[in-house]
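Quick note, the sequences are listed as chains A and B, same order. According to our numbering, the first sequence holds residues 1 to 397 in order. According to our numbering, the second sequence holds residues 1001 to 1397 in order.
Hints may contain errors.
[As the list claims (entries may be wrong)] Computed footprint of chain A on chain B; a stretch qualifies when at least three of its residues, placed anywhere within it, have a C-beta under 8 Å from a C-beta of chain A:
{"hint": "1", "segment": "1014 to 1027"}
{"hint": "2", "segment": "1237 to 1249"}
{"hint": "3", "segment": "1278 to 1285"}
{"hint": "4", "segment": "1292 to 1305"}
{"hint": "5", "segment": "1313 to 1325"}
{"hint": "6", "segment": "1363 to 1371"}
For the record, the hints were derived by calculation from the structure and aren't laboratory data. No residue lacks a Cβ here, since even glycine has one placed at the ideal position from N, Cα and C.
Number of protein chains: 2
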Amino acid sequence: MDSAKLQRYCGISRNIEESFINIHPIQRGGVLTAEAKKVLLDFGDGYSMCDFCFEARIVTVKKPPVVDFIQDLAKFLDVDEVRPTAGARHAKRAVMEAITEPGDTIVLDSLAHYTTYITAEAAKLNVKEVPHSGYPDFLLNVEDYAAKIEEVEDSTGKLPALVVLTHVDYNYGNLSDVKSVAEISHKYGVPFLLNGAYTVGIMPVSGRNLGVDFLVASGHKSMSASAPIGLLGTTSEWAEKIFERSKIKGDWSGRTFGAKEIHILGCPPVFGPPLATLMASFPKVVERVKHWDKEVEKARYFSESIQKIDGIKQLGIKPKEHTLVHFESPSFHDVAQHHKRKGFFIYDALKKRKIMGVHPGLSKSFKVNTFNLSWDQIKYVVETFQEIAEQNGITVQ
Amino acid sequence: MDSAKLQRYCGISRNIEESFINIHPIQRGGVLTAEAKKVLLDFGDGYSMCDFCFEARIVTVKKPPVVDFIQDLAKFLDVDEVRPTAGARHAKRAVMEAITEPGDTIVLDSLAHYTTYITAEAAKLNVKEVPHSGYPDFLLNVEDYAAKIEEVEDSTGKLPALVVLTHVDYNYGNLSDVKSVAEISHKYGVPFLLNGAYTVGIMPVSGRNLGVDFLVASGHKSMSASAPIGLLGTTSEWAEKIFERSKIKGDWSGRTFGAKEIHILGCPPVFGPPLATLMASFPKVVERVKHWDKEVEKARYFSESIQKIDGIKQLGIKPKEHTLVHFESPSFHDVAQHHKRKGFFIYDALKKRKIMGVHPGLSKSFKVNTFNLSWDQIKYVVETFQEIAEQNGITVQ
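Isolated chain A, as found in the complex (with noise of 0.2 Å):
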């Protein structure tokens, strides 16, 4: 290895400025609030929240208040018990592990993320999907997991190990009616996931009120937190099992390791930032979340808005019931075809004036997240479109 080569791994910048306003649809829910900017550093080393650990368990540290913390999280998603993971995807694959044998299968929603289906296999587990409307709303019918969970109990001899619901899905931003999948898997017997990734600490999620066994949560899309964090929220009814403590012993030594929970792998490693930013930016994220419903408002007028420019339709669930905007936008396409940036003009045009987020290279369809944008960064990006469509001569409304 050429050591001058490697001092380019030193300069690695996103390359914006502060003042860039981020439309990212996955990203949004986990911009920094100043607050965790300002613990980012004091805890960037290793094992910085372990300075005090006295008990082999992060979740009993007291200094930082982390004890506390995981008990007003708790409340925050209205559950008995829940811990930090190394991401959604880990509680995901903890509750898998916990409660599901390899060959069973579970129930999900054709909409739902890349790692339910990777945790699934991981699992190895076999997958039954809930249609979905196809285009152009995608809509989940709920009242079909009754269906799937017979269609299952009628193939295997056995009612399906979990159902699964994504609560807003991350491409097109519909949201499902939870509590009636909820009832159906009840109805059944069957215990129940809500993957809330884009949903927990945006808007107000009540793990009780839905009925759900397993609330599945995303501290780096959601929460503004460092990734990569996940939050894990269950029942006292189902605690005991999927929080397990280690039983193994050494046959030799003896050794055991009774304080660690197994199916999390013990201590969750986010003993750094994640967790230090988690914490910082809780008390805005357990604020912002009542005023959710301004933020449907500013998603919807941004849908409105952007579907002046002729050709642009809006995919999903109308009008928005989330931030997270998926657009069809074929006349977009088309100056694609001609221009000599091709597909990167809508993303050269929009860097131009300070806004990113929109993946760059696409012109077919784009994907934006409003949430958290102000009126005024709204109307900005609203007006920055339109000028960016007419400006290819694309007529607007």
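Knowing the structure of chain A, use the given hints to seat chain B on it.
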């Protein structure tokens, strides 16, 4: 939740100044470089490494140059292929998931980190321990690996599924004879995993020369990266199996995720501070392992000097071959019995002199790590310990 009360989460701090000398046994190798601190804030937000991801695989990202970095990491570990993971434990879990079946037995050293036991437990494996010599050296007899492999074969009718060795253990800082274990493993045809969480990034480690099939490393333990990030290196023989691509297919949608790797659960969620700091620190890490002999020299000086305090004795291999040093300190413990601050008198006195990292309250024994301390710092810490001893009536020779 009382919103005023929540505010204290914003103000969390380690309460240490830049000038503090950190001698924490498991923190030294993870202390961020100046370069890492510089990129921390820029990449603080969730998915900040993914602004220019075009192939749905973080290891292919060109801006920042993750794709080149992964190649350089493989060179550094001297393995054919490497992937970041959400921590060393997740690397071990991935290997166990990929190549073992529930009910299999693995052979491991009895000095292994708890996460080696827990990942085995999560994978429903049995463990067979290779004994150590006990107090005071805790020396692993690596030749015993052969006997233990045969014991497993005799009692279960098949060879163990995996042999695991901890390169340097976290308790005594003993350095293991890797090549011998590799030879034994290969003689029996059992794959061999080396846990280099306390070696890769602080001393030279070549997966190829040592003959390991799987090399596990920890960014936040030994490569000056923010938690959590681990590395999983392997040979071209094993790469396909360990980094197996997803084959799951939605039964209704036909969705597939062939870009994602099953056992590391897709793109490892380290796409923020962990990967950014690992990259930024990398040039210094590559350089620092070349000077390992000087680190050992400092550790030996430190150990010898501390043992000049009456009643203090270094545990583990002598002379030291690693910078993690464990002392038993009955003379300190005697003081603690009558001190108004009990065992905290050591912590208090060190803190007053701006030294941190010794476990608060412990006096019977204590662990420190001298890695990357300057000679001046080493001498200052030694003098401080000797002063504390003398102030409490303990003779220093």
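Against the structure, the hints:
1. 1014 to 1027: The restraint on the segment 1014 to 1027 of chain B holds, since 5 of its residues have a Cβ under 8 Å from chain A and three suffice.
2. 1237 to 1249: With 3 residues in contact (Cβ-Cβ under 8 Å with chain A), the coverage given for the segment 1237 to 1249 of chain B holds.
3. 1278 to 1285: The restraint on the segment 1278 to 1285 of chain B holds, since 4 of its residues have a Cβ under 8 Å from chain A and three suffice.
4. 1292 to 1305: violated (count 0)
5. 1313 to 1325: violated (count 0)
6. 1363 to 1371: Our answer is that it is violated, as 0 residues pass the Cβ test (under 8 Å) against chain A, missing three.
When the structure is compared with the earlier hints, violations turn up for hints 4, 5 and 6 and for no others.
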